[in-house]
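From just these sequences and the hints, can you work out the full model?
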Amino acid sequence: MFIVNYIKDIFSGVKSLAVGLKRTLYYFSHHKEIITEQYPDNRATLVMADRFKGEVVMTHDENNEHACTGCTACELACPNATIKIITKFDVSPEGKKKKAIDKFVYHLELCTMCNLCIVACPTDAIKMAQTFEHSVYNRADLTKVLNRPGSKIREGVE
Amino acid sequence: MWSFSNISKIIDNWLRDTFNPTWTMVIEMVIAGVCVISLFAILGLVLVLMERRVAAWIQIRLGPNRVGPGGILQSLADTVKLLVKEGMTPDGADKFLFNLAPFIAIIVAMLLMAPIAFAKDFQLWDMNIGVLYVSAISSVMVISILMAGWASNNKYSLMGAMRSGAQIVSYELSAGLSILAVVVLSGSLNLNDIIQSQSDGWWIFKGHIPVVIAFVIFIIAVTAETNRAPFDLAEAESELTAGFHTEYSGMKFALFFLAEYINVFIVCAIGATLFFGGWMPFHIGHWESFNHIMDYIPSSMWFFGKTFFLIFLIMWFRWTFPRLRIDQLLNLEWKYLLPISMFNLLLVTAMAIFGWYF
Chain A
473 MFIVNYIKDI FSGVKSLAVG LKRTLYYFSH HKEIITEQYP DNRATLVMAD RFKGEVVMTH
533 DENNEHACTG CTACELACPN ATIKIITKFD VSPEGKKKKA IDKFVYHLEL CTMCNLCIVA
593 CPTDAIKMAQ TFEHSVYNRA DLTKVLNRPG SKIREGVE
Chain B
1450 MWSFSNISKI IDNWLRDTFN PTWTMVIEMV IAGVCVISLF AILGLVLVLM ERRVAAWIQI
1510 RLGPNRVGPG GILQSLADTV KLLVKEGMTP DGADKFLFNL APFIAIIVAM LLMAPIAFAK
1570 DFQLWDMNIG VLYVSAISSV MVISILMAGW ASNNKYSLMG AMRSGAQIVS YELSAGLSIL
1630 AVVVLSGSLN LNDIIQSQSD GWWIFKGHIP VVIAFVIFII AVTAETNRAP FDLAEAESEL
1690 TAGFHTEYSG MKFALFFLAE YINVFIVCAI GATLFFGGWM PFHIGHWESF NHIMDYIPSS
1750 MWFFGKTFFL IFLIMWFRWT FPRLRIDQLL NLEWKYLLPI SMFNLLLVTA MAIFGWYF
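Protein chains in written order, with our numbering: chain A, 473 to 630; chain B, 1450 to 1807.
It is worth saying that the hints were derived from the structure and are not from the lab. Worth double-checking, as some hints may not be accurate.
[Said to hold, decoys possible] The following label-pair restraints were derived from C-beta to C-beta distances:
{"id": "1", "chain 1": "A", "residue 1": "TYR498", "chain 2": "B", "residue 2": "ALA1799", "range": "49 to 55 angstroms"}
{"id": "2", "chain 1": "A", "residue 1": "SER488", "chain 2": "B", "residue 2": "ARG1515", "range": "47 to 53 angstroms"}
{"id": "3", "chain 1": "B", "residue 1": "ILE1486", "chain 2": "A", "residue 2": "VAL529", "range": "56 to 62 angstroms"}
{"id": "4", "chain 1": "B", "residue 1": "MET1700", "chain 2": "A", "residue 2": "LEU489", "range": "23 to 29 angstroms"}
[Said to hold, decoys possible] Pulled from the structure, derived: some chain A residues nowhere near chain B, Cβ distances all over 12 angstroms:
{"id": "5", "residue": "GLY485"}
{"id": "6", "residue": "SER501"}
{"id": "7", "residue": "MET530"}
{"id": "8", "residue": "THR554"}
{"id": "9", "residue": "PRO565"}
{"id": "10", "residue": "ALA572"}
Even glycine gets a Cβ: it sits at the ideal position worked out from N, Cα and C.
Here it is in structure tokens:
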């Protein structure tokens, strides 16, 4: 009885090994299955996943208007002080003073891409872009101002 | 015309005409030494790259393919890196043994090159006891591993070395018994005689089931002997850090690393010689015309083709099977491989006596 089990053990062991070998031989011989992204040769066709977090950008529409009210919720939410909001006072045609955003200073060298600022924004003014090639030769290039020159807040926001 | 044996004969005749016999022998020894060392270097480069590429393709990715066309200069870059690294000796290490261990590993590998027949009539030393010599010299490898583990003054290295020593010593038994199967059938320990006896077909085809079983056991046993594949607990990166060669860096580590790959080549060469005919082309019985056509392919190409096929097999094992624990490893040897190989030897002997083979 022991000898029967022993021989059965050996045969089932060898069979399981053969199953494994067949699978790896399949992968070895079918190069179409290779899922490596051959960067940098495929820059033209590269599509990142929707949830990929690259850097923070402020969305502007065709009229160069954005949705940022200068509420500094993102600055408060950021865990390491990457964002600094500088506000100014806009004088409206009726002479009323309204707070508006002057500069949205964003330190890319400090950003951890944690997405907390996007979640905190009440007006969906900022989003995560899908760029990942951030290397620069001069460190000052990493301190960015996110609102474009000459842009102002869209009507109807806030 | 341009076979290895012809070239060596031309050089031999030229040397004999130019120098007296003693000087001829000395110069020939120097040439042989240089050839062996350059073969080591080339094999090291080729096998490391082959391992990385085969591993990558099995894991659905590409291997190194940037350094040089198709990645062929990658090994060169790795070699330069290892050469310029600082070789550190730990504080309480036994200096003599620590420095000696990698050299013993390389010396064993070099000694094992002697009986291997790379092509027709192209052997360093045609000795009568080729198979016994290979079996005996490969046992000396254990000493270098134990020296490395002990002299490192590191308890994890020592544990890795003890485990590795136990593993190598156990698997030598099965490897030896499975080699004996072919020796029994061909009746000689001389590697040339064994190759000649395969001129009408390789032993793996002629001696059917018992020799196939012997081959399977041989492949498993030599994979364990060279500390490779699923049996690399002693040096696995994530287990005992790097086992017995944890404390080695720079040139000494390069020597251990090289010795491991050369050992893989040597055991595959022995396996190709014993089971697949060495440099003997693929002959079928007495089909004269077929055999004649097969003879057109040079014998060195047959030898290297078979050896690299076996090397691919061993690399395939590494990236397919999960690692065995030390108790599973020793269990496999003492409870499964050894009884099967002993029983197999009995079968082969019966087969040889009654002539039940082709």
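These are the hints, each one checked on the structure:
1. A:TYR498 <-> B:ALA1799: 49 to 55 angstroms: About 39 angstroms separates the Cβ atoms of TYR498 of chain A and ALA1799 of chain B, which means 49 to 55 angstroms is violated.
2. A:SER488 <-> B:ARG1515: 47 to 53 angstroms: With a Cβ separation near 37 angstroms, SER488 of chain A and ARG1515 of chain B fall outside 47 to 53 angstroms, so the hint is violated.
3. B:ILE1486 <-> A:VAL529: 56 to 62 angstroms: holds, 60 angstroms
4. B:MET1700 <-> A:LEU489: 23 to 29 angstroms: violated, 38 angstroms
5. GLY485: Violated, since 8 angstroms does not exceed 12 angstroms.
6. SER501: violated, 8 angstroms
7. MET530: holds, 37 angstroms
8. THR554: Its Cβ never comes within 12 angstroms of chain B, the nearest being 34 angstroms, so this holds.
9. PRO565: holds, 62 angstroms
10. ALA572: At roughly 50 angstroms from the nearest Cβ of chain B, ALA572 of chain A sits farther out than 12 angstroms, so the non-interface label holds.
Consistency with the previously given hints fails for numbers 1, 2, 4, 5 and 6, ordered from lowest to highest.
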